[in-house]
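Protein chains: 2
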Amino acid sequence: MKSRFASLPLDVARRELLARAKPLDGSERLAVEEALDRVTAAAIFARTSVPHYCGAAMDGIAIRAADTAGASEADPITFERGDPAEVARPFSYIDTGNALPSWADAVVMIEKVYAGPARASSSGSEPVRTPSPELPDVVHVRTAAPAWQHVRMIGEDVVASDGIVPRGHRLRPFDVGALLAAGVTEVDVRPRPVVAILPTGDELIEPGEELRPGRIVEFNSRMIASFVRSWGGEAVRLDPARDDLATLGARIERARDDADVVCLIAGSSAGRRDFTVDALASVGRILAHGVDVVPGRPAIVAAFDEASHRARVALGIPGYPVSAVVICLELLAPLVAHLLGTSAPERPTLRAVVPHDLPSKRGNEELIRVQLGRVGDRLVAVPLGRGAGAITTVVRADGLVRVPATADGIAGGEAVDVELLRPIGEVLGTIIVIGSQDPCLAVLEDVLRAAHPQYKLATSWSGDTEALGALERGEAHVAAVTAPVSPDGDERELRVPRGARVVHVAVRSQGLIVPRGNPLGLETLSDLRGRRVHYVARRWQGGAPTTGDPDIGSAREALVHTAVAEAVRSGLADAGIGVAAAAAALGLDFVPLEIEDYDLVLREDFAASDGGKALLAALRSDGFRARLAVLGGYDDRSSGVEKALTPASAT
Amino acid sequence: MKSRFASLPLDVARRELLARAKPLDGSERLAVEEALDRVTAAAIFARTSVPHYCGAAMDGIAIRAADTAGASEADPITFERGDPAEVARPFSYIDTGNALPSWADAVVMIEKVYAGPARASSSGSEPVRTPSPELPDVVHVRTAAPAWQHVRMIGEDVVASDGIVPRGHRLRPFDVGALLAAGVTEVDVRPRPVVAILPTGDELIEPGEELRPGRIVEFNSRMIASFVRSWGGEAVRLDPARDDLATLGARIERARDDADVVCLIAGSSAGRRDFTVDALASVGRILAHGVDVVPGRPAIVAAFDEASHRARVALGIPGYPVSAVVICLELLAPLVAHLLGTSAPERPTLRAVVPHDLPSKRGNEELIRVQLGRVGDRLVAVPLGRGAGAITTVVRADGLVRVPATADGIAGGEAVDVELLRPIGEVLGTIIVIGSQDPCLAVLEDVLRAAHPQYKLATSWSGDTEALGALERGEAHVAAVTAPVSPDGDERELRVPRGARVVHVAVRSQGLIVPRGNPLGLETLSDLRGRRVHYVARRWQGGAPTTGDPDIGSAREALVHTAVAEAVRSGLADAGIGVAAAAAALGLDFVPLEIEDYDLVLREDFAASDGGKALLAALRSDGFRARLAVLGGYDDRSSGVEKALTPASAT
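Top to bottom, those sequences are chains V and W.
Heads up, the first sequence is in our numbering, so the first residue is 69 and it goes up one at a time.
Heads up, the second sequence is in our numbering, so the first residue is 69 and it goes up one at a time.
Possibly wrong hints are sitting among the right ones.
All copies of an identical chain are treated as equivalent in the list; a pair is satisfied when it fits inside any one copy or across any two copies.
Stated by the list, open to error - Under the rule of at most 25 angstroms between Cα atoms (straight-line distance), these lysine-lysine pairs were calculated in the BS3-like manner: (1) Lys180 x Lys429; (2) Lys681 x Lys90; (3) Lys711 x Lys681.
Think of the hints as simulated: they come from the structure by calculation, not from any bench.
Remember, predicted model here, so these are calculated numbers, not experimental data.
Let the hints inform the model, and build the full structure from the sequences given.
Here it is as C-alpha cells:
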C-alpha cells in the first residue's frame with residue numbers, strides 16, 4: 069500500500085535527521101574521575117604545567133653544572149654535601165622525581181658518583197650505592213655535566229594553558245590521568261541526550277508475564293534503551309501506548325517536551341505502521357515514511373517545530389527486532405552522537421571473502437548478517453538468515469555486509485568489508501561448524517569456552533555431503549557428519565579433504581519424538597503410514613518418510629532437532645524424527661529407531677591450530693562426557709577417539 | 069643496580085600472572101535489562117520458543133490451505149468470514165504478528181484477497197484494502213496456498229532449550245533483546261573482579277591540593293581505576309601508603325583479603341622500586357622484578373599463597389604514567405578479562421607506513437606512540453615522544469606500534485600494524501600539521517570541531533624547511549610556516565609541493581616574553597647582550613640570540629611558545645622569544661620586536677578533501693577571528709586569504 073509520504077534513501081534520511089537536530093547546548097560539570105566515557109563540552113587546557121617544578125630524572129646528586137667544568141677521569145672534581153652558603157662545591161642526594169634545590173641546575177646519576185679516592189686509577193674508589201645507611205658526605209665526579217642534565221624541566225610534558233583534549237572528545241582512562249596531572253579537577257561535559265522510547269500496541273506484555281498466542285514480549289524498548297546507554301545517552305522507557313490515535317498523539321506530545329529524541333516502536337503490521345505515521349503526522353512533520361534499507365524499511369523520520377519543543381526529531385522504529393537493530397545502528401546512533409557534538413561510533417571492519425553469490429534487491433541498501441571464520445589463510449563471511457524477525461541471527465552474527473542500493477548483490481568469491489558486531493579477538497576465535505545438527509554441540513562449546521574463552525562455535529546446518537563440500541572449499545573448519553567417510557569416497561563413504569581428521573563425538577539415538585505418553589502408540593516408522601498423522605521430517609539416512617510421502621497425512625521438514633520437538637510439544641505435529649536429547653529437553657517421549665555415529669571432520673590446518681587442539685581437548689574431557697550424560701541418549705564410550713581413515717588409493 | 073629477582077619477557081610475565089589467577093567462582097543474578105556489558109557466567113538457553121505461537125507473517129486472511137486447492141484466476145475460490153463450525157470455507161482477517169486461529173494453517177496476503185465479483189476478468193473486482201471501515205465478509209482467493217504459507221512457525225527463530233549466548237560472553241544491546249524475547253528475564257553474570265589500587269609515596273598529594281616542588285598529584289590510581297572500570301572490573305582506590313616497609317607490607321596484606329588483585333603503584337625512583345619489591349616479597353612471592361617492555365620495564369609481578377588469600381596475584385605498576393598505561397594495557401587488562409572468564413579485549417589495528425627509521429633497543433619489546441594520518445593514498449604513522457613521563461603523548465597518540473624484543477627497530481618505509489587507542493573514525497579524521505608552533509592552532513581546532521567533530525589536528529613542531537619536506541614526502545597534510553614560499557623556491561622563498569595552497573592565518577607579533585613589570589627593562593634584543601641574563605631561544609628568522617651565543621649569560625632552546633613563557637614565569641629564565649599570545653596566556657609582559665606572517669600550506673589533495681574544506685572554512689569563520697582577538701597579539705585582517713604563489717618557472 070502506497071504511503072502518502074515519501075520514502076528516502078538511508079543516507080538522505082540520516083542527513084535530514086541530523087540537519088534538524090542540533091548538538092545539545094549547555095554542559096554538566098563533573099569531577100574528572102567521574103567523567104570517564106563522557107564527551108567534553110569544550111576544549112580543556114592545562115591549569116598547571118607538567119612537571120610543575122624542575123625535578124631529577126635520575127637517582128643521583130644535584131649539583132651546579134658550572135662546578136663540573138673540566139672534570140675528567142684523570143682530574144675528578146670533589147663535591148661536598150651542603151648548600152652554597154656552606155661549601156664551595158655543594159651537592160645533595162636526589163631521587164628521581166625529587167625537586168632540584170634552587171641553587172642546582174643539573175643531576176649526576178648515582179652510578180657516576182664516586183666515593184673514596186677521587187681518581188679512577190686508585191684502588192678503593194667505587195660508585196656510591198643508594199639506598200645505603202652511610203651515604204658519604206664527600207664525593208667525586210669524573211665527567212663535566214651540561215646545565216640541566218638529567219633534569220625534567222618545568223612544562224616538559226605540558227605547559228599551563230596548553231590544550232589537553234579537544235571538545236567533543238570522549239574521555240578515556242589516560243585522558244583522566246593527563247587532566248588530573250595538569251591540575252584539572254573538574255570538566256564540563258555534554259549533557260546526556262535523553263531518548264524517550266514509546267512502544268505501541270495492544271498485544272504487548274511485560275517480560276515474565278504469561279505468554280498467550282498473539283501476545284508479544286515488549287523487549288524492543290529494553291534493547292533500544294541498552295543501545296542508547298551504550299552510546300552515552302539517557303534512555304527513558306515509557307509505558308506502551310494503546311492502539312488509539314488520539315492517545316498516541318498525546319503521548320508523543322508529552323514525550324517531546326521531556327526528551328531530546330522521541331522513538332516510537334511501531335508494530336510489524338502494515339496497518340500499525342500507517343497508524344504510527346498518522347500519529348506522528350498529527351503532531352509533527354514526516355520527513356520520511358520508509359527508509360531504503362533492509363532490514364529496516366518501515367522506519368519513519370519526523371521533525372517537530374523547533375521553536376516550541378525540546379525534542380526536534382522523532383524516529384519510528386520498526387517492530388521486527390532486526391529492523392529495529394538496523395535503524396538503531398544506522399540512524400539512532402549517529403543522532404545521539406550528533407546531539408553529543410561528537411562523531412558517530414564506527415564499527416571496525418575486517419575484509420572477508422563471500423563464498424557464494426549473495427543476491428540483493430536493487431533500490432534498497434541491505435545489511436546482511438554474516439559469521440566470520442579464518443579458514444586456512446583467508447577470512448570467510450558465511451551469511452546467516454535474512455529475516456527481519458530473527459533477533460538471534462544478530463546475536464550469532466560476527467558482522468554485517470553492506471550491499472549498496474545500486475548493486476544487485478555480491479558475487480561469490482568477492483572480498484567485502486565486514487562491519488563487526490563483536491570484538492575482533494572474538495571474531496578471530498570463531499570455529500565454523502557445518503553439517504548435521506545435534507544438541508550436544510552447544511554443550512561442547514560450553515566446555516570449550518570454560519577452558520578457552522577466546523573460542524566460539526558458529527554453526528550452520530546442512531546434509532553431510534554439503535558439509536564436506538564446504539570443508540573442502542575452505543568455508544568451514546569442521547564438518548559434523550553421521551555418514552561414514554574416507555579420503556577418496558566410494559558408494560558407501562563420503563569423501564573428506566586430504567589430511568582431514570575424523571573424531572568421534574558420540575553414538576546417538578535417532579527416533580520418533582512423540583507427545584508425552586505417546587498417544588498414537590507409534591512404535592515403528594510404518595506406524596506413521598496410512599493414518600492422518602502430522603509429521604516432521606529431517607534429512608536422515610534412516611529411511612524415514614520425507615515431506616513428499618503420499619502415505620503420510622501431512623509432513624514438513626525441520627533442520628534442527630529441537631524444532632521437531634517444539635512442533636510436537638505445541639501440538640502442530642503428532643511425531644517427528646530427531647535425537648533423544650531433543651525429546652528430553654522439551655519433556656517429550658522418544659521412540660528409538662536406530663543408532664548412528666556422530667562425528668566431527670576437522671580440516672588438517674585447523675586440527676593443527678591452537679583452536680583445533682582446544683576443541684579436541686574439550687571433546688576428550690571428562691566434563692564433556694558428564695554433560696552428555698545429562699542430555700541423555702548418547703553412548704560416549706568412544707567419545708574423542710580418532711577414526712582411522714581408509715588409506716587413500718595410490719594414484 | 070641488579071635486582072635479586074629476575075626480570076621476564078612480557079609474554080612470559082603475562083602467562084605466569086594468568087596461570088596463578090583463576091577465573092572468579094560464583095555469579096551474580098541480574099535482571100537482563102540491567103546486565104548490559106556484564107559477562108555471562110554460564111551459557112544461557114531459551115526458556116520459550118520465538119515465536120512462541122504460529123502467527124501471521126503478512127497482513128491478510130487466515131484460511132485452511134486445503135480449502136484453496138485448485139484456485140486460479142479463472143476459478144477463484146470464495147471464503148466466508150467465520151470459523152469451521154459456521155461456514156464451509158472459513159476465513160478471518162489477520163495482521164502481521166497476530167496468532168493464527170487454531171483451525172487455520174495458512175495466510176493469504178491482503179493484496180491477493182479480492183472483493184466484489186470473484187473472477188479477475190469481471191469489472192469491479194479489486195483487492196481488499198485494510199484498514200478500512202467496511203471489510204467484506206465474503207472474499208475470493210485466486211491462487212492455491214501451500215500449508216503454512218506466510219506463517220511464522222513456532223520456534224522459527226529459536227526453540228526453547230536452544231542456546232542463546234555462550235558463557236564468558238559480554239552482553240550487547242541485541243543480546244538483551246534476544247534473551248528477553250526468549251523468555252529469559254534474569255541472567256547469571258560473573259562478579260566484577262575487585263582490583264585494589266594502592267599508591268605509595270610521601271610525595272603524593274590529592275588533586276586540587278597545593279602544588280609545591282617535589283609534590284606529585286596522585287593521578288595514577290584514578291587512571292588505573294578508570295581502566296579497571298572500563299574493562300568491567302570494580303576498582304577500589306586505597307589511601308596512599310607512606311614510605312615505610314612494615315606499614316606497606318601490612319597494607320598489602322589487608323588489601324589482598326579484600327580484593328581479587330592488588331596493584332601497587334611504585335614511585336619512579338630506583339630506590340622506591342626496590343622498596344616496593346621488598347614489601348611485596350615480604351608478604352608474597354616475586355615472579356618478575358622487571359618486565360622486558362618499554363615503557364613499563366620497572367613493573368613487578370607477584371603471587372600470594374593461594375589457599376589463604378582472596379587475591380592470588382599482585383602487580384607493581386611503575387610510577388611514570390606512560391609506563392603505568394603500558395602495564396595496564398599489557399598485563400592488567402588480560403588479568404581482569406581472565407578473572408571474568410572471557411578473552412582479553414583486543415585493540416583494533418590499522419596498517420600504516422612508518423616514514424623514518426624507528427630504532428629500538430633489542431631485548432625489550434617497545435610500544436611506540438604514534439599519530440596516524442591518511443595522506444594521499446597511504447596511512448602514515450608519525451612517532452610521538454618516547455619518554456615514560458609524558459602522559460599527554462598517550463592522549464595525543466592514535467595508536468601504538470609494537471617493536472618485538474628481537475628487533476632493533478623498524479626501517480623507514482616499512483608497513484606496520486598500529487594498535488589503536490581511539491575509534492577508527494576519529495583516527496581517519498586526523499589532520500597532521502607540522503611546522504612552526506602557534507597557540508592559535510588549538511583555537512583553530514576548537515572552531516573546526518564545533519562544526520565538524522570528526523576532525524582533529526595532530527601537531528608536531530619543526531622549522532619551516534623540515535615542515536615543507538614532510539609535506540612533500542606525504543607525511544603531513546599541512547605545514548605551518550612563517551617564511552615566504554613559492555612552488556620553486558629560491559634564496560628568499562622556500563619551495564612548496566606542486567599544487568599546494570598557501571592560506572594566511574594571521575600576522576603575529578614575535579618578541580621578548582618577560583616577567584610582569586619587565587624587571588630588567590629589556591626593550592631590544594641588544595639589551596640581552598653582555599648581561600648575565602637567563603634566556604630561552606627559539607628557532608626564528610628574526611635574528612635573536614641562539615643557544616651558542618657567547619654574549620648571553622645562559623641560553624637554552626624551546627620549541628613551543630608557552631614553554632618559553634613557562635620558563636620565564638617560573639623564574640628559570642629572565643626572557644625568551646615567543647608570540648604575544650603565549651605571554652598573555654601566562655599573564656606575562658611582552659616586548660614586541662617584529663611582526664611576521666603565520667601561514668598554512670595545504671597539500672593539493674588535502675585541500676580538495678572534505679577535511680581540507682572544513683579546515684579552510686574554520687580558518688575563514690567569524691568564530692575564529694573572535695577567538696584570535698581573545699588570545700591577543702594577532703592581526704586578523706587577512707585571515708583565511710589564499711596567497712597567490714609566484715608562478716612556477718617553465719622548465
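(message) Checking an output row: Lys711 and Lys681, CA cutoff 25 angstroms. Within, between, both or neither?
(response) within (16 angstroms within a copy, 66 angstroms between copies)
(message) As a check of your reading, is Lys681 near Lys90 (CA-CA no more than 25 angstroms) within one copy, between copies, both or neither?
(response) between (54 angstroms within a copy, 21 angstroms between copies)
(message) When Cα atoms must be at most 25 angstroms apart, do Lys180 and Lys429 count as within-copy, between-copy, both, or neither?
(response) between (76 angstroms within a copy, 22 angstroms between copies)
Checked against the numbered hints given earlier, the structure satisfies every one of them.
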